[in-house]
Structure formats: C-alpha cells, structure tokens
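J.: From first to last, the protein sequence lines stand for chains A and B.
Residue numbers for the first sequence follow the working numbering, beginning at 1 and rising by one.
Residue numbers for the second sequence follow the working numbering, beginning at 1001 and rising by one.
There may be inaccurate statements among the hints.
Claimed, not checked - If you want the footprint, here are the derived chain A segments under chain B, 3+ residues with CB under 8 Å:
id, region
1, 16-30
2, 51-57
3, 75-81
4, 91-104
As the list claims (entries may be wrong) - Restraint-style ranges between C-beta atoms, simulated for each label pair:
id, chain 1, residue 1, chain 2, residue 2, range
5, A, Glu87, B, Gly1147, 23 to 31 Å
6, A, Arg91, B, Leu1251, 44 to 52 Å
7, A, His33, B, Leu1243, 24 to 32 Å
8, A, Gln88, B, Gly1131, 49 to 57 Å
9, B, Arg1135, A, His33, 22 to 30 Å
10, A, Glu26, B, Leu1136, 19 to 27 Å
11, A, His33, B, Leu1136, 45 to 53 Å
12, A, Thr3, B, Val1009, 45 to 53 Å
13, B, Val1113, A, Arg91, 36 to 44 Å
14, A, Gln88, B, His1273, 53 to 61 Å
15, A, Ile95, B, Val1109, 32 to 40 Å
16, A, Glu26, B, Val1009, 18 to 26 Å
Worth flagging that the hints you see were computed from the coordinates, not collected in a lab.
None of these values were measured; they are calculated from a predicted model.
For glycine and all other residues, C-beta sits at the position ideal for the given N, C-alpha and C.
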Amino acid sequence: MGTVLRYGVVLAAVLVAAGGVAYLFERWDHATHYSVFAGSPESLTTPAAILRGALALDPASLIALGLVVLVLTPVARVVFALLAFVEQRDRLYVIFSLIVLSVLFIGLTGHSL
Amino acid sequence: MNVLIFTLVVFAGSLFAGFLGSLTGLGGGVVIVPLLTVALGVDIRYAIGASLVSVIATSSGAAAAYLKEGFTNMRVGIFLEVATTSGAILGASVATRLPGPAIEVVFGVVLLVSVYLTLSLRKLPAVGGEGLARRLRLNGSYPTPNGDVSYTPRRVPLGFGIMAGAGALSGLLGIGSGAVKVLALDQAMRLPFKVSTTTSNFMIGVTAAASAGIYLRRGFITPGLAMPVMLGVLAGSLIGARLLISARARLLRLVFAVAIFALGVEMIVAGLHL
C-alpha cells in the first residue's frame, strides 16, 4: 500500500513539475490575474476535459492532471482499507468504508449540496 | 508582477509555509492562504483551492515517507471519516455560495481560535466513556521499545461531532484543520500521541479529497497558482518532518502562534474592509 501511495505522490509531483516548467516557458512574461475571481476555464474543471488537454500536452492541463492524480491518492488509501476489512470479514467496517467511498464519490464528481 | 516572478515568490512562501506547518503540526494551509490573500492580493477562492491541493500533498507525502502504518488506527480513521467527509462536502458547498470577503472573515476567526486551541491544551481525563469504543472495536495497540501498548479511545460521540466540524472547516476554508482534529483525537478521545498524529494525517488527506472535486468543478483550483503552492508545501513539509525536534518545536509553536494570530487579525480586517 505504501508503494502505491508513494508512486501516486511522485507521479503527481512529476506531472505538476513538468507541466509547470512548460507553463513557465510559455507564459513567463505574462501578467498574473489572480486578484479577481473568474474561475478556471471549462477545459480545466472536469477530469475528462483535463485528460484530453493533457494528452494534447497543454501545460495547464498537465498540471491539472497531476493534481487529479494527487486527489486520488487518499481515495486509494480508503480502497485499501476497504479491501483489508473485506479480508478480515469485518462487516461493520466494510460498511463504514463503503459509506466513506460513497461520500468521496459524490464530492469527486463535483456535486455540491 | 509577471508569471515567473509571481511563481517564484509563491514557491518560496509555500516552502516556508510547509516547513513551519509540519514543524508545528498546524499544517501549511493556515500560512499559505493568508500569505496569498493578504500579501499577494490573490482572491480567497483561488487561495483556498491551491491550499486544499497542498493539504492532500502533505498528507500523502508524509504517509509515503514514513510508512509507519503500525501507528495508524484504521478503524478510528475510517469511522471518523464518515463524519469528516460529510462535513467537508457541506463546507465546500457553503464556500461556493459565500462571497469572497465573508470566507476571508471566517478564515481569520478560525485562525484566532486555532491559536487559542494550540496554546490551551486542556485534556479531558482518560477515564470512562469507552463503552461505544468497545462496541465499535476502536481499541488498538502500538509498538514501543518495551512491547505493545494497548489503548481504548474515550468519548466517541464527542470526537465524532468535533470531526464533523473539522471536516466542514476543511471544506469551507481549504485547510487540513489539524488543530481541530488534534482537539478531537488527543483531547477528547485521548488517543496516544503517535496514534493520533498518524491517524489525523490519514484523515486530513481523505477529508480534503472529498471537497477537491467541488473546488475543481467551481474553478477554485487554477493550475498556474496551485503548481508552486503544491510543490513548495510538499517539499517544505518533507524537510520539516525530518527536523522535528520536540523541545525546539514548543518554542517554535509559540512564535508561530503569534504570527498566525496576527495573520488572523489581518484577514478579518481585510474581509471587513476596515
């Protein structure tokens, strides 16, 4: 489990760093515009669009893909916990793990209340 | 400020925030958000989006670096995550509806309360209140040089309630809310120190992941800003974790508390346009 977690974090950091270098190379002399909230463009707000952009080697999409990988690492830890509880035939904690995964799924698909 | 200089400044600040956050156990988010908003004029929604990402990086990074899962109580973690993830979705939903200055004021107030909590550690007694913990089989043991030491958590309903609050704050403000989680695990449930820090670290990442999708969908997470914050906080926290020396950490915690207090006041002032 530790290995998967480590690879996940390293992969995320590598994607973010690689995308970051490309991003800086492309627009290092542009002005920043973070003082007014406009939200990220549509192409950077869903995992499917981010993956499409990253495959086209768009720098911002590569960074975003790294961030998506990063977000999935704690989810993987819960999945591993679930598998461990299934193996122990610990019904109560299988149920708790499934509840946590369901709530994570709702959040990850971007559904706010 | 052009993109290159801005990125370098934010990276340096995030490195520092991650370093201090891991030395003091408060996490990088409480430093990086005020730094971005008060010092660099970044809109609070972009700031909490970047901070949330760094919270996950710190949590997973620390877990991958230590691999001391022998201390993490998975049952306690999973059980309390039911509360923290639900709270996080609620908090993130509120954040998408609040105007920026309102989030800023709430953030400032939470900073002040965190300082109070860190400086006034009053633990509840380690007797009674273990009935529910027994029924939920939350008891565990951890290895020490003198053999395994077993423990039973106390006051499970209180801990669960505090954790729901910690999750809501995490979702609302893009922070790990380590101070509130310590309140629940250390002070209310009386878990041993090593168990509570590793279990809290596990929960912080999972809790943040619950609101990350909502932040992403609402455009809070912007790659150009999240990139230096994530890399800086991750590197800083890994360096800080290696230097953790308990005696010095106490003095540092005090210095840090004063700084956080000042940042909290700044944020309230900025949010209220005083």
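J.: Now, for every hint given, state plainly whether the structure supports it.
T.: Hints versus structure:
no. : hint                             : verdict
1   : 16-30                            : holds (count 10)
2   : 51-57                            : violated (count 0)
3   : 75-81                            : holds (count 4)
4   : 91-104                           : holds (count 8)
5   : A:Glu87 to B:Gly1147: 23 to 31 Å : holds (26 Å)
6   : A:Arg91 to B:Leu1251: 44 to 52 Å : holds (48 Å)
7   : A:His33 to B:Leu1243: 24 to 32 Å : violated (37 Å)
8   : A:Gln88 to B:Gly1131: 49 to 57 Å : violated (23 Å)
9   : B:Arg1135 to A:His33: 22 to 30 Å : violated (55 Å)
10  : A:Glu26 to B:Leu1136: 19 to 27 Å : violated (53 Å)
11  : A:His33 to B:Leu1136: 45 to 53 Å : holds (50 Å)
12  : A:Thr3 to B:Val1009: 45 to 53 Å  : violated (35 Å)
13  : B:Val1113 to A:Arg91: 36 to 44 Å : holds (39 Å)
14  : A:Gln88 to B:His1273: 53 to 61 Å : holds (56 Å)
15  : A:Ile95 to B:Val1109: 32 to 40 Å : holds (36 Å)
16  : A:Glu26 to B:Val1009: 18 to 26 Å : holds (19 Å)
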